[in-house]
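Sequence order for the protein chains is A and B. Under this note's numbering, think of the first position of the first sequence as 1, with each following residue one higher. Under this note's numbering, think of the first position of the second sequence as 80, with each following residue one higher.
Calculated from the structure, these hints are not laboratory results. You may find that some hints are simply not true.
[To be verified] Pairs of lysine to any residue residues, derived as SDA-like cross-links and limited to a Cα-Cα distance of at most 25 Å, are as follows: (1) K138(B) / E37(A); (2) K138(B) / M35(A); (3) K138(B) / S190(B).
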Amino acid sequence: MGIRKRTGGFLLRVNPILCDGFGHCHELAPELVNMDEWGYPIITNEPTPLSNLGALESARYAVRGCPRQALRLERVSDL
Amino acid sequence: MGAGVIVVLGHETCGILETQRVVKWMANESARQCGPCAFGLPALSDDLLQLSHGSRDQKSTLTRLRDRCGVIEGRGACHHPDGVVRFVRSALDVFADDVNRHVAGNPCHGSRATKHFATVPRLEHEKELVWE
């Protein structure tokens, strides 16, 4: 037991078919999601370390806040 | 050989305009499931048309076209947009001299010609091709 070590990273992924460009993800996780000129999210392909708690929290907000449920979080074991 | 994928362009045509016609058709062929493809491909076609006909600020049109290519690539569920983006990039590469001339403000005669070489099926839903 004890403190669980936070190793690895996470990826925020979007299903482009479900996404209708509401833009909530950009509002909720501006550090992870950029927006193109048509309002659709541009999300980096680089995993973010799990130790970045702020980013992880906003990613969770974005996943829960997406009106089309187009976002998901993916765990990446090795960075 | 009868394959419909090779088109011989004559001297009296504009490579950029021929590219634009194919890209416009490809944009029309999009399933319109993903935003970057549904909105991005018509925008590419729009940029190419501006580039071929000449507008006031050609340089920014070219920059915007290149930027849009980078933005669209890899963001569809299928690889239809990627293929179109690579087609546009390769056209800009091959017709680099023509592009430079268009950007410099003297478009070729072919861009005003009515004769086209690349045969593209007539768009049935041209009115649906909106991106604004």
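Now for the hints, and whether the structure bears them out:
Proximity of K138(B) to E37(A) is assessed by CA-CA distance (about 19 Å); at most 25 Å being required, the pair is judged to hold. With a C-alpha separation of about 24 Å, the suggested pair K138(B) and M35(A) falls inside the 25 Å cut-off, and the hint holds. In summary, the hint linking K138(B) to S190(B) is supported, as the alpha carbons are separated by about 17 Å, within the 25 Å threshold.
The structure meets every hint from the earlier list without exception.
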